[in-house]
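Each protein sequence line maps, in turn, to chains A and B.
Just so we're aligned: 307 in the numbering used here is position 307 of the first sequence, and the numbers increase by one with no gaps anywhere.
Just so we're aligned: 646 in the numbering used here is position 295 of the second sequence, and the numbers increase by one with no gaps anywhere.
Bear in mind the hints are in silico, worked out from the structure with no lab data behind them.
These figures come from a predicted structure and were not determined experimentally.
Built from N, CA and C at the ideal position, the CB exists for glycine as well.
Do not rely on the hints blindly, as some may be mistaken.
Computed list of lysine to any residue pairs in SDA-like fashion (alpha-carbon distance at most 25 Å, straight line) [unchecked claim]:
no. : chain 1 : residue 1 : chain 2 : residue 2
1   : B       : Lys680    : B       : Ala442
2   : B       : Lys523    : B       : Gln608
3   : B       : Lys473    : A       : Ala83
4   : B       : Lys473    : A       : Pro61
5   : B       : Lys510    : A       : Ile151
6   : B       : Lys473    : A       : Phe227
7   : B       : Lys510    : A       : Ser150
8   : B       : Lys680    : A       : Lys205
9   : B       : Lys510    : A       : Thr118
10  : A       : Lys205    : A       : Phe227
11  : B       : Lys387    : A       : Gly145
Per the computed footprint, the stretches of chain A lying under chain B, defined by three or more beta-carbons under 8 Å from a beta-carbon of chain B, are [said to hold, decoys possible]:
no. : region
12  : 83-90
13  : 144-151
14  : 270-279
15  : 315-328
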Amino acid sequence: MFPRVIARLALAALLLSQTAVAASVSIQLDNGAFKVAGWTAPEPEDGWASIFTVSTGRDLPALFGAYSIEGGSLTFHPRYPLASGVTYHAVFHPPGSAPVEATFHGPEAVAAPEARVTAMYPSSPVLPANQLKLYVVFSAPMQGGDFWPSIHLVDQDGKPAYLPFVGQELWNRDNTRLTLIFDPGRIKRGVKPNVDLGPVLVEGKRYTLIIDREFKDVNGRLMAEPFRHEFAVGADERQAVDTALWKVSQPKAGTRDPLVIRFDRPLDYALLSDAFQIPGVSGMTTIGLGETEWRFQPTQPWRAGEHQVVIDMALEDLAGNRIGRAFDVDTMTNPTERITRQSTSLSFRIL
Amino acid sequence: MKLSRLLVLTLFVSVSALVVAAPAATGMTVGKVDVKSAGPLAFGPDGVLFIGDSLGAKVVAIDTGDTKAGAPASVNVQGIDGKIAAALGTAADQISIRDIVTNPISKNVYISVNRGRGGDAKAVILKLDTAGKLSEVGLDNVKYAVAELPNPPAQNNQKTNTITQVRYVDGKVLVAGLSNEEFSSNMKVIPFPFAPADRGALIEMYHGSHARYETNSPIRTFVPYTIGKEQFILAAYTCTPLVKIPVSELKSGAKIQGTTIAEMGAGNQPLDMVAYKKNGHEYILMANSSHGVTKLDMANVGTYKPITTPISDVAGVPFTTISELKNVKHLQAYDDQQALVLSGSSGAMDLRTIALP
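So that you can see chain B by itself, here it is in the shape it has in the complex:
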């Protein structure tokens, strides 16, 4: 009798747990998740946070449970790296902020940090709430799922793949990265919720230069973008051209050549992009490694002719430089009117929202 009651109770609890679990949390387990290095971040549905773990050769999804809609807010934290270092009990030059992302539901900001500067640095995920309170996102007892990346580097201590961007698009997690040995890195596409042992699809990315020279080229950063009714990613190769790629083409084993829509100039790599609308016009705000922050006018991007001839000047999508934004390390979406910006240099970094230009 007691046993059957217990069973009924257990069944009830299990069913309740299933009922309350967010759809995106399907297939997740609860426990300690091992994150070897904290890298690029992205939010998926229902407060699920994706963490790119380069040294662990995987993408970790955690259910933050942070799904309460937040009121409109803004962020302005001067010396964010010093404050994070202090909370982690170390000096500002002993941490590195790897990425920032806004929870689109709550507007709380999540920050990936490595405490320590060497290969044995500790991965830390932090939350900065809309009241400005900084707290650590626990990874010891969390609802999580892991997608191992295809072809993880051999454990020979030398070969690594550095994840440079993670995004959730149309039920898939897209992962871009650069190898420290092979130039021709692949893009990885992993359906979410993660299926057991699903390492996702490898997409070979090619860059065609003016309909003549073709290179297997790594993509460093990208942003989801809708043109008409079709879902694209706008992607920046390490060799600077900005291309558009239909998400429908990102299938296992595909070999894709993006359509060049802009050339951004020498000695420069795009770091982050934010797509937005203002006064009925569409724009991309792009942070660059050496050319500051640029604003691309995306009107008519669907009808631009691909760049197919050598050019010695700016061509394709027109863009302007936002001169007041300097030394921007990371740029992320915040809300319809603001972007989130991490700028400055080690020991004097600021995290703030800016009005979208």
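One chain only, chain A, in its complex shape:
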């Protein structure tokens, strides 16, 4: 009888002391770090993580991070900054005391305008049936990953194209421009996908590229509106690019008239932006409507004499044909020349 009373008294004292610990201890979020205030003790044998953890859910692993004692308080610094929209559960469970818990929220998302598609290239209203790439330009950085269900290519009857693009995400550095490559197996003559299904784009038909609002920006928000871009499809372009077919304007010496190179066909928008250089002459370049011309406005007036435009051999037309080499060379009629030069040039004379 007597020992039982003692045991009850001991239990009551323990519960009282636990309550006292719980009441005096609190967990605070201070400048991205979680702090246990009102408690000090040496590090337990199993480490601080055995008594103090922060997680994003009950059954999920604790956050990676480092423990330290700062200003007398046990402090947990998460390895990575807290994320907006995420809830953090901090649990402090000192030996022999009731656990102390606290919930915190990640920082508010930074307000920014909703993203939208600002352009699609090629901008030409008619694309060749063996069009190789499309560029979709967004107003803000977008979320990589599982966006493919938000991209559709439908024909004039509303019928969706069957797996038209290579399922490899290809972004520029800040995720504001997405490159879509048409399945090259459907473009290349004679390979199984081309033989079985034919090309994705059929000459004479019209198509619409649709980007759903559900294509999220980096913060996980929907776009302001869906995007639709309609284009017609013309004949295949199977010829190599030939610079002899380009027309070069004749600016006059002493003027800042633009040098304009008009192509015989539209060229790849992205490659055009740094494919041309005029050694010794600085200026501003612009790409003309439909990617059919390149304009160069010199900073200083033109000097009379011979000049050169150096052209990067990586330049492609809409169907992946390069200077002197078609996308898929017919080696029966056109023995393969594998170009090894990095650049070629066009001369022009300023009078």
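Given chain A, work out where chain B should sit, using these hints.
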């Protein structure tokens, strides 16, 4: 006197360090290595892990020191992306798992992850040990070497090369990738240990369609494969044919046309391949973007005639589809009996070993 003792001590420590360093770690330095984006992974000799860094336009080799032989094990982590996101303090839709690889010595699994979904995402390398514990592989104080890739894109913020596969074969690191602007990407071959300022060799890859049409074609994925005594890679072009290429031909400036051994069908891109033997037969297990997982029978692959005529049906190496494996994102070797599979969709991805079929 004190100074000479110190020198002797320093010399001793240096020599000791040289003695204990793994041969593969030759030429590595210790410190913080900058990885801008975590991409494809591959293991080399002596626990060296290769990390493809697309935004950094380089391949990073780190000495993991993880060289203790592991006991046979298996992996089964449900909701691996949710668990990784939690450990990184974010939501599952704010991370992307870029690749998985098994350390062939320890059987620990390494995972490359980008925390964040935009261009400013942080590269993270994780280790899942055979006991199921997840930890971060520190990159702030690590033994490492870097190979810058040839012709890094100009810093104009627009042009990038996405590394799609990295493998270590016969003392070389092979790197495949796709440009976001140029279609005709090259394969890069870099001898390892990396020599200073060695940017490796560029190999132009061509695809010949039925002995007639030839295209400079990027290779998206490949796997080392030995036929007889010769080392090959089996490579998949983006336009789907599977080709074999002798590694001996992968020399600087080479222009290579692979020999087509299988055509895998339209609207589909091979993602990963694992070569294995079962009951004395050789097979390739291939994960595809839309055709599920296929098993290729590689018996007699050395004697198959190349596919040189247009075909409207499956041809070349015979293959079957493993219907029970669905939505597989990554497939890697694990051991002689098992493969490592990452499957599912964002927020519900599973990492597990499967018995090789």
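Structure-based check of all given hints:
Restraint check for B/Lys680 and B/Ala442: satisfied, since their Cα atoms lie roughly 20 Å apart, inside the 25 Å limit. Distance check on the hinted pair: B/Lys523 and B/Gln608 sit about 20 Å apart at the alpha-carbon level, within 25 Å; holds. Of the supplied pair hints, the one linking B/Lys473 and A/Ala83 holds, its CA atoms being roughly 13 Å apart against a limit of 25 Å. With a CA separation close to 20 Å, the supplied pair B/Lys473 and A/Pro61 stays within the 25 Å bound.
About 22 Å separates the Cα atoms of B/Lys510 and A/Ile151, which keeps this hinted pair within 25 Å; it holds. The hinted pair formed by B/Lys473 and A/Phe227 fails the criterion: a straight-line CA distance of about 30 Å is larger than 25 Å. Straight-line distance between C-alpha atoms of B/Lys510 and A/Ser150 comes to about 24 Å, which keeps the hinted pair within the 25 Å bound. Restraint check for B/Lys680 and A/Lys205: not satisfied, since their Cα atoms lie roughly 35 Å apart, outside the 25 Å limit.
Annotation: proposed proximity of B/Lys510 to A/Thr118 holds, straight-line Cα distance about 19 Å (limit 25 Å). Between A/Lys205 and A/Phe227 the CA atoms are separated by roughly 20 Å; this keeps the pair inside 25 Å, and the hint holds. Our distance criterion of 25 Å between C-alpha atoms is met by B/Lys387 and A/Gly145, whose separation comes to about 17 Å. With 4 residues having a Cβ less than 8 Å from any Cβ of chain B, the region 83-90 of chain A passes the three-residue criterion, so the hint holds.
Check on the region 144-151 of chain A: 3 of its residues sit with their Cβ under 8 Å from a Cβ of chain B, so the three-residue criterion for coverage holds. A stretch counts as covered by a chain when three or more of its residues have a beta carbon under 8 Å from one of that chain; for the region 270-279 of chain A and chain B the count is 4, and the coverage holds. Coverage of the region 315-328 of chain A by chain B holds [criterion: at least 3 residues with CB-CB distance below 8 Å; count 6].
Hint violations for this structure: numbers 6, 8, all remaining hints satisfied.
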